[in-house]
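Number of protein chains: 2
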Amino acid sequence: MNHLLIVGTGLIGASTGLALKAAGFTGTVTGFDASGHELEVALERGAIDIAVRSRDAALDAARDADVILLAVPVLAILDWINLLGPILKPGQLVTDTGSTKAQIAEAAAKLFTTPEGPHFLPGHPMAGKESGGAAIAEATLFQNAVWIFTPTATTLTAEEREWRSWMTKIGAKVLDLDPSRHDDLLAWVSHLPQMVSTALSALLEDTFGDDEDLRAIGGRALREMTRLGSSPYSMWRDVAMTNTKPLADSLLALEQRLQHLRENLRTPELREEFKKANKFREPR
Amino acid sequence: MNHLLIVGTGLIGASTGLALKAAGFTGTVTGFDASGHELEVALERGAIDIAVRSRDAALDAARDADVILLAVPVLAILDWINLLGPILKPGQLVTDTGSTKAQIAEAAAKLFTTPEGPHFLPGHPMAGKESGGAAIAEATLFQNAVWIFTPTATTLTAEEREWRSWMTKIGAKVLDLDPSRHDDLLAWVSHLPQMVSTALSALLEDTFGDDEDLRAIGGRALREMTRLGSSPYSMWRDVAMTNTKPLADSLLALEQRLQHLRENLRTPELREEFKKANKFREPR
Numbered sequence: 259m260n261h262l263l264i265v266g267t268g269l270i271g272a273s274t275g276l277a278l279k280a281a282g283f284t285g286t287v288t289g290f291d292a293s294g295h296e297l298e299v300a301l302e303r304g305a306i307d308i309a310v311r312s313r314d315a316a317l318d319a320a321r322d323a324d325v326i327l328l329a330v331p332v333l334a335i336l337d338w339i340n341l342l343g344p345i346l347k348p349g350q351l352v353t354d355t356g357s358t359k360a361q362i363a364e365a366a367a368k369l370f371t372t373p374e375g376p377h378f379l380p381g382h383p384m385a386g387k388e389s390g391g392a393a394i395a396e397a398t399l400f401q402n403a404v405w406i407f408t409p410t411a412t413t414l415t416a417e418e419r420e421w422r423s424w425m426t427k428i429g430a431k432v433l434d435l436d437p438s439r440h441d442d443l444l445a446w447v448s449h450l451p452q453m454v455s456t457a458l459s460a461l462l463e464d465t466f467g468d469d470e471d472l473r474a475i476g477g478r479a480l481r482e483m484t485r486l487g488s489s490p491y492s493m494w495r496d497v498a499m500t501n502t503k504p505l506a507d508s509l510l511a512l513e514q515r516l517q518h519l520r521e522n523l524r525t526p527e528l529r530e531e532f533k534k535a536n537k538f539r540e541p542r
Numbered sequence: 259m260n261h262l263l264i265v266g267t268g269l270i271g272a273s274t275g276l277a278l279k280a281a282g283f284t285g286t287v288t289g290f291d292a293s294g295h296e297l298e299v300a301l302e303r304g305a306i307d308i309a310v311r312s313r314d315a316a317l318d319a320a321r322d323a324d325v326i327l328l329a330v331p332v333l334a335i336l337d338w339i340n341l342l343g344p345i346l347k348p349g350q351l352v353t354d355t356g357s358t359k360a361q362i363a364e365a366a367a368k369l370f371t372t373p374e375g376p377h378f379l380p381g382h383p384m385a386g387k388e389s390g391g392a393a394i395a396e397a398t399l400f401q402n403a404v405w406i407f408t409p410t411a412t413t414l415t416a417e418e419r420e421w422r423s424w425m426t427k428i429g430a431k432v433l434d435l436d437p438s439r440h441d442d443l444l445a446w447v448s449h450l451p452q453m454v455s456t457a458l459s460a461l462l463e464d465t466f467g468d469d470e471d472l473r474a475i476g477g478r479a480l481r482e483m484t485r486l487g488s489s490p491y492s493m494w495r496d497v498a499m500t501n502t503k504p505l506a507d508s509l510l511a512l513e514q515r516l517q518h519l520r521e522n523l524r525t526p527e528l529r530e531e532f533k534k535a536n537k538f539r540e541p542r
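Chains A and B are the protein sequences, given in the same order. If you count the first sequence from 1, position 60 lands on 318 in this note's numbering, and the numbers rise without skipping. If you count the second sequence from 1, position 259 lands on 517 in this note's numbering, and the numbers rise without skipping.
Keep in mind the hints are simulated off the structure, nothing from the lab. There may be inaccurate statements among the hints.
Pairs involving identical chains hold if they fit within one copy or between any two copies, as the list cannot separate such chains.
Pairs of lysine-lysine, BS3-like flavour, derived with a Cα cap of 27 angstroms [as the list claims (entries may be wrong)]:
{"id": "1", "residue 1": "Lys534", "residue 2": "Lys503"}
{"id": "2", "residue 1": "Lys503", "residue 2": "Lys387"}
{"id": "3", "residue 1": "Lys279", "residue 2": "Lys368"}
{"id": "4", "residue 1": "Lys387", "residue 2": "Lys533"}
{"id": "5", "residue 1": "Lys431", "residue 2": "Lys537"}
{"id": "6", "residue 1": "Lys387", "residue 2": "Lys279"}
{"id": "7", "residue 1": "Lys427", "residue 2": "Lys537"}
{"id": "8", "residue 1": "Lys533", "residue 2": "Lys503"}
{"id": "9", "residue 1": "Lys427", "residue 2": "Lys503"}
{"id": "10", "residue 1": "Lys431", "residue 2": "Lys279"}
Based on the provided sequences and hints, a complete structural model is requested.
Okay, structure coming up:
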């Protein structure tokens, strides 16, 4: 890998650039972002070496890149897959950081079809913050984080192996999952927590607004449970759109569980719920 | 205040002892705990000077104490109020750290009736951890934390003023609330987050048990949202028993909000929910 193109130089894209450089990558990193501001910040911070300032210029850069990393929201990744599929050559690798994987893997399989042609390796680093942007990118963001891949081909190309080895060099732990299993699991560990935090924050906003006492007495529990309330709609719309069924299933299950707990606030069944919760939190 | 009796030398009771000593309290601190282990740890760590090892011995110590701090779960606080009410003298102050205040204030008002008699000042420090015990007590636990009081009398006695000033000296911010308003607000900022975390943890335990992938990919969002799943039933049973209606109301409201969000995963209404959540999280 001598030339990497990062499409989307926000938190994840810029952090990947910084992490690769910190891990010894000496090739060229070209960056593109729909936001001129994000692009400038990524350039200033050294996450990318070259900034291209239009989609056409990014597509030109893509023709020359060894690896193209799509670090934008899921629906935009689907657009880029359709743009890149027809113009790439054998030996080129496209990979991504999208939050859902089934629709991306499916779209890529339609355009990246032959073992000899360009390849697509769906990926998803389990790292992030409640806000985004190149300004808060960090070279260490992926250290000890899991970087999931959901490969659809049975054997890996040399380019795929090299990209995976770079993910290890930046400190991530590589984990392979089936795309639909990825989306089912992520619905529970990421998308459900996000929606609970959003719903609780929105409900508190409606119920209490500027109530100073509420804000004065809210401690760590409230801060933690509402932290993800800061997350941007722009990213989560795409998750909700592309993982609707697993997310709706997990939400419904939690609604029913909360109802069960509510109906048992004064019965011994509450003890059983605490016991199970305690067990989930025990070290395995 | 020359002699303080702490009933319950777990996390909150022992931390109060350590904090008072660090802030310059040079009187005697006597401690009692139903658990001999907690009592020994509190003594070893210097949170208390003298350990009394039976309830009768604690009642004897109470007769001599200037201030008696009840730092046990709510139902046990109610028991101690009934034990102490008849045996104390004018000038003595009882205060507590219970998580709910309406039932405690009501019970105390029946036994601590005259301005000239012993007084009861209901209190609640907004500090804690998901696990308890004197072993993890800290002198700094209350720094910048809010220590709520729900006084029922209109004027404060000299003893109440002194206790409140000690709470300021240990770094807490004193806030007065009406008991039932306390319980309503706490249902939202503390009890609801606890029950959501318990329900989510119990649901994940039932659904995934030992699934290694789930545990591997679970990041900060999952850790935060399930942290309180470790909380002990013994304490939260009393909260659920003594604040049932406000807690049930907040749970029902959240269930309905989650349903609304679930039914709008693919509609523009999802944007409105994120907007409101973002607004709640903005600095005021």
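Between copies, within a copy, both or neither: which fits Lys279 and Lys368 at Cα up to 27 angstroms? The answer is neither: 33 angstroms in one copy and 70 angstroms across copies each exceed 27 angstroms.
Is it within a copy, between copies, both, or neither that the alpha carbon of Lys431 lies no farther than 27 angstroms from that of Lys279? within (18 angstroms within a copy, 47 angstroms between copies)
Regarding Lys387 and Lys533, is the shortest C-alpha distance of 27 angstroms or less found within a copy, between copies, in both, or in neither? Answer is between: at 18 angstroms across copies they meet the 27 angstroms cutoff, but 31 angstroms inside does not.
Give the relationship of Lys427 and Lys503 under a CA distance limit of 27 angstroms: within one copy only, between copies only, both, or neither. neither (35 angstroms within a copy, 54 angstroms between copies)
If the cut is 27 angstroms between Cα atoms, do Lys427 and Lys537 qualify within a copy, between copies, both or neither? Answer is neither: 35 angstroms inside a copy and 39 angstroms across each miss the 27 angstroms cutoff.
Status of Lys387 relative to Lys503 across identical chains (alpha carbons, at most 27 angstroms): So Lys503 and Lys387 pass the 27 angstroms test inside one copy only (25 angstroms; across, 36 angstroms).
Could you figure out if Lys387 and Lys279 sit no more than 27 angstroms apart (CA to CA) within one copy, between two copies, both or neither? within (21 angstroms within a copy, 40 angstroms between copies)
What label fits Lys533 with Lys503 when the C-alpha limit is 27 angstroms: within, between, both, or neither? between (29 angstroms within a copy, 23 angstroms between copies)
Lys534 and Lys503: within-copy, between-copy, both or neither at 27 angstroms Cα: Both: 26 angstroms inside a chain and 24 angstroms across chains, each within 27 angstroms.
Between copies, within a copy, both or neither: which fits Lys431 and Lys537 at Cα up to 27 angstroms? Cα proximity of Lys431 and Lys537: one copy only (26 angstroms, versus 35 angstroms across).
Hint compliance for this structure: hints 3, 7 and 9 are not met, and every other hint is.
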